[in-house]
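So you can see what is in the structure, the chains are spelled out below.
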Amino acid sequence: MVERRPLADFLTHLVLMLGVGIVALPVWLAFVASSLTPEQVLDAPMSLIPGDQLGVNYLHVLTQGSTPLKSLLFNSAVSALVIACGKIAISVLSAFAVVYFRFPGRALCFWLIFLTLMLPVEVRILPTFQVVASLGLLDSYAGLTIPLMASATATFLFRQFFLSVPEELAEAARIDGAGPMRFFWSILLPLARTQIAALFVILFIYGWNQYLWPLMVTTREDYYTAVIGIKRMISGGDAATEWNLVMTTAILVMLPPALVVLLMQKWFVKGLVESEK
Amino acid sequence: MEKRTVFRSAWLPYALVAPQLAVTLVFFIWPAAQALYQSVFVEDAFGIHVEFVGLANFRALLADPYYAQSFATTALFALCVAALSLGSALLLAVLANRVVRGAAAYKTLIIWPYAVAPVVAGVLWLFLFDPSVGTLGLVLKKIGVDWNPLLNGAQAMSMVVLAAAWKQVSYNFVFFLAGLQAIPKSLLEAAAIDGAGPATRFWKIVFPLLSPTAFFLLVVNVIYAFFDTFGVIDAATQGGPSKATEVLVYKVFHDGFKGQDFGAAAAQSVILMAIVIALTVAQFRYLEKRVNY
Numbered sequence: 001m002v003e004r005r006p007l008a009d010f011l012t013h014l015v016l017m018l019g020v021g022i023v024a025l026p027v028w029l030a031f032v033a034s035s036l037t038p039e040q041v042l043d044a045p046m047s048l049i050p051g052d053q054l055g056v057n058y059l060h061v062l063t064q065g066s067t068p069l070k071s072l073l074f075n076s077a078v079s080a081l082v083i084a085c086g087k088i089a090i091s092v093l094s095a096f097a098v099v100y101f102r103f104p105g106r107a108l109c110f111w112l113i114f115l116t117l118m119l120p121v122e123v124r125i126l127p128t129f130q131v132v133a134s135l136g137l138l139d140s141y142a143g144l145t146i147p148l149m150a151s152a153t154a155t156f157l158f159r160q161f162f163l164s165v166p167e168e169l170a171e172a173a174r175i176d177g178a179g180p181m182r183f184f185w186s187i188l189l190p191l192a193r194t195q196i197a198a199l200f201v202i203l204f205i206y207g208w209n210q211y212l213w214p215l216m217v218t219t220r221e222d223y224y225t226a227v228i229g230i231k232r233m234i235s236g237g238d239a240a241t242e243w244n245l246v247m248t249t250a251i252l253v254m255l256p257p258a259l260v261v262l263l264m265q266k267w268f269v270k271g272l273v274e275s276e277k
Numbered sequence: 001m002e003k004r005t006v007f008r009s010a011w012l013p014y015a016l017v018a019p020q021l022a023v024t025l026v027f028f029i030w031p032a033a034q035a036l037y038q039s040v041f042v043e044d045a046f047g048i049h050v051e052f053v054g055l056a057n058f059r060a061l062l063a064d065p066y067y068a069q070s071f072a073t074t075a076l077f078a079l080c081v082a083a084l085s086l087g088s089a090l091l092l093a094v095l096a097n098r099v100v101r102g103a104a105a106y107k108t109l110i111i112w113p114y115a116v117a118p119v120v121a122g123v124l125w126l127f128l129f130d131p132s133v134g135t136l137g138l139v140l141k142k143i144g145v146d147w148n149p150l151l152n153g154a155q156a157m158s159m160v161v162l163a164a165a166w167k168q169v170s171y172n173f174v175f176f177l178a179g180l181q182a183i184p185k186s187l188l189e190a191a192a193i194d195g196a197g198p199a200t201r202f203w204k205i206v207f208p209l210l211s212p213t214a215f216f217l218l219v220v221n222v223i224y225a226f227f228d229t230f231g232v233i234d235a236a237t238q239g240g241p242s243k244a245t246e247v248l249v250y251k252v253f254h255d256g257f258k259g260q261d262f263g264a265a266a267a268q269s270v271i272l273m274a275i276v277i278a279l280t281v282a283q284f285r286y287l288e289k290r291v292n293y
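Residue numbers (this note's numbering), protein chains in the order written: chain A, 1 to 277; chain B, 1 to 293.
With the rest of the complex left out, here is chain B:
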């Protein structure tokens, strides 16, 4: 779609896009190019001598068992966060769409955790699951679980999954509810007249009509789990115990900023960029599909 009526000026459009382009070029495109450039070089310990090494940084990275482990950790983390937050958000949205009285109140009470910073979410759940003072940590100990997320990797993982999913439920809820409200009531009524019960109506009508929303949310949740949960992990576990919760973004930060290993960090950045690009393309293919729906 294009405008027929346009204004004419030799310089004004450039002046209008200049601020956005300046920020984009200086803080986005240039650093991304730098990451690509640095990923094929090796720098010595004093930063004096730089040598072109081609894909050696990537080969070293892919051969590194810690990197493979971090990949597996991230995949498990993203899968659990997406499944937990999508599942509970869908349940709550279907129910909230069903009630007549109090629907607005439920909606308000479910959406506000969107405002909580990932770091704060991490701190809240760290406190909740603290083995000596946390309310839930003590409950778990009472029922016989040897609860200590500071030492047990699996327990630490479940803690950060809960914290990250808790924060994301509100976002998914908003989209599922909007998707549910867009389903024409006449379809459901017609199905009911033909004798379809609530479960049949959900699986045969509501769920297929909701699947574009669900797919879109799946991609958004995976992006969220991959990239936006740095704060949750830094606050709750710092990637530990013994790297059990070290996701890819945390590893880039750790190797590059703390370990000063620029070549390896740049190679990791490039791989992360490839992942974001793949996910964004997936998201836009969904958009095209939805237009034709």
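Only chain A is shown next, with the shape it has when bound in the complex:
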């Protein structure tokens, strides 16, 4: 900044560290609980340093029980990947059509896609469920993923980007005899790499963290996602909650999307800021 103020600098770091600490606190305690025995967790107040049950708990959660977490994590990974890739694919195609073609009904298409922005799944939950049920898509990967695929924000992001691509590229491609799809594959898609990477991060997290939708369309345990699995662990009725295993599951469920954010941080920030424009 403008002035040098050692005291202010010190206070800035202090408050920032406090903020980081508060942000990290729930996850640190979850990690500690995931390394203890059930008795150690119940022995209040719980220790603040990890114990030695880490391996035991993680192995137990991943492989034991009626639906071991590894199969739930697999379901989550499949649906998150299919949702992210599907959203990107159908959005990039429709943005290409809207920007590079003039056709009757173009404005109508644009407005229909825009409408999806105003209809989040939470507000049309029952009728959407009825549609999916009548199509026979309950308890299937198709039912888990396809209804979530339409995306106005992704379409707008690609449209915005295509509009910024220089006219000369399309002209040159046409003069060289390239058809629309050749232009799309060889020129437009490679240019949109960073947009695609940024959207992928946002949409993968979106897909992984879906809760209400999988809760409604799955009734069989072999189609549950990991996020559903953790909720079922704490609604055990009379049985006391096994907090050490619940927290082990929590850590495992948040690990994949957290890794995606941390490893692809640059694209994540870009995707977040640009998809809202």
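Please note: incorrect hints may appear among the correct ones.
Capping the alpha-carbon separation at 27 Å, the derived lysine-lysine pairs in BS3-like fashion look like this [to be verified]:
1. K243/B <-> K141/B
2. K185/B <-> K270/A
3. K243/B <-> K231/A
4. K70/A <-> K231/A
5. K243/B <-> K258/B
6. K270/A <-> K3/B
7. K266/A <-> K141/B
8. K266/A <-> K258/B
9. K107/B <-> K270/A
10. K258/B <-> K231/A
These are calculated hints, taken from the structure and not from any lab test.
Remember, predicted model here, so these are calculated numbers, not experimental data.
Given the coordinates of chain A, work out where chain B should sit on it, guided by the hints.
Here is chain B on its own, set in the frame of chain A:
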């Protein structure tokens, strides 16, 4: 802005928009139309007889004290979540924008909760505030608070507000930091030369320039609190105790999916749609404003 160079084909553009339009029509427009349709009918207990009742479902809903209570609960919840997460995100962003050393590390350490699912956030804070084993719950008991979110509505509300706000701070932080970094340094330097202290510079220069971002985030946070916090509430309180945390989205799910009261649930859906449309329009008016800024 329109492209001058366009391709010509009678069928290709339709094939390209077909997948997106198919999903949109089947899973968005059609169910939304269904909700509108169902909201003006009443179905008997066996689903055999359906009768057109006009706006009776809406009248019943608006006369229902539980619905009014759910509206008030949602408004309070959204207000608290937005205020808490916007306030703390702004503070952290202003400070992170100020430091030279370690700025990247702070940024990384603050943004990752974005990846945490709302349900997981609910479970984490439920554990933290558990009256018998939770670390913070025990601290509260030790300092003399009669802490039990399973029985006390106000305490349950503060727990879900904290969980929901905790998750949203990272998102607000990213936008505030981007907004702060876009403010020209020369403006702040000129003000400093004219004798403006740090507080004056913040309130007279930084805050006005940041206000479009703040308004946009306010709308996004209200949308988040209204619609995306179902998981937090379902995991932490299930709308209880005695409906103290039953927000509108939770009530739709509860009445329609568990209670099978389709007419009332459809009417609630239609009201929610109206709220989203109003919020989205507010958001886009902000966009227009920002272009002219």
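**Asked** Does K141/B lie within 27 Å of K243/B when you go C-alpha to C-alpha?
**Response** Answer holds: K243/B to K141/B is near 24 Å, not above 27 Å.
**Request:** Quickly compare the C-alpha distance for K185/B and K270/A to 27 Å and report which way the hint goes.
**Result:** holds, 22 Å
**Asked** Does K107/B pair with K270/A here, judged by a C-alpha cut-off of 27 Å?
**Response** Roughly 14 Å separates the two Cα atoms, so the pair holds.
**Message:** Hinted pair, alpha-carbon criterion (27 Å max): K243/B, K231/A. Please report holds or violated.
**Reply:** holds, 20 Å
**Message:** Check the hint pairing K243/B with K258/B against an upper bound of 27 Å on the C-alpha distance.
**Reply:** holds, 15 Å
**Request:** With a cut-off of 27 Å on the C-alpha distance, tell me whether K70/A and K231/A pass.
**Result:** holds, 16 Å
**Asked** If you draw a straight line from the CA of K266/A to the CA of K258/B, is it 27 Å or shorter?
**Response** The hint is violated at about 43 Å.
**Message:** Run the distance test for K266/A versus K141/B: straight-line Cα separation, threshold 27 Å.
**Reply:** violated, 43 Å
**Asked** Has the given pair, K258/B with K231/A, been kept, meaning a C-alpha gap of at most 27 Å?
**Response** holds, 17 Å
**Message:** Checking one constraint from the list: CA of K270/A to CA of K3/B, max 27 Å. Satisfied?
**Reply:** Given that 27 Å is the threshold and the Cα spacing comes to 25 Å, the pair holds.
Hint compliance for this structure: hints 7, 8 are broken, all remaining hints hold.
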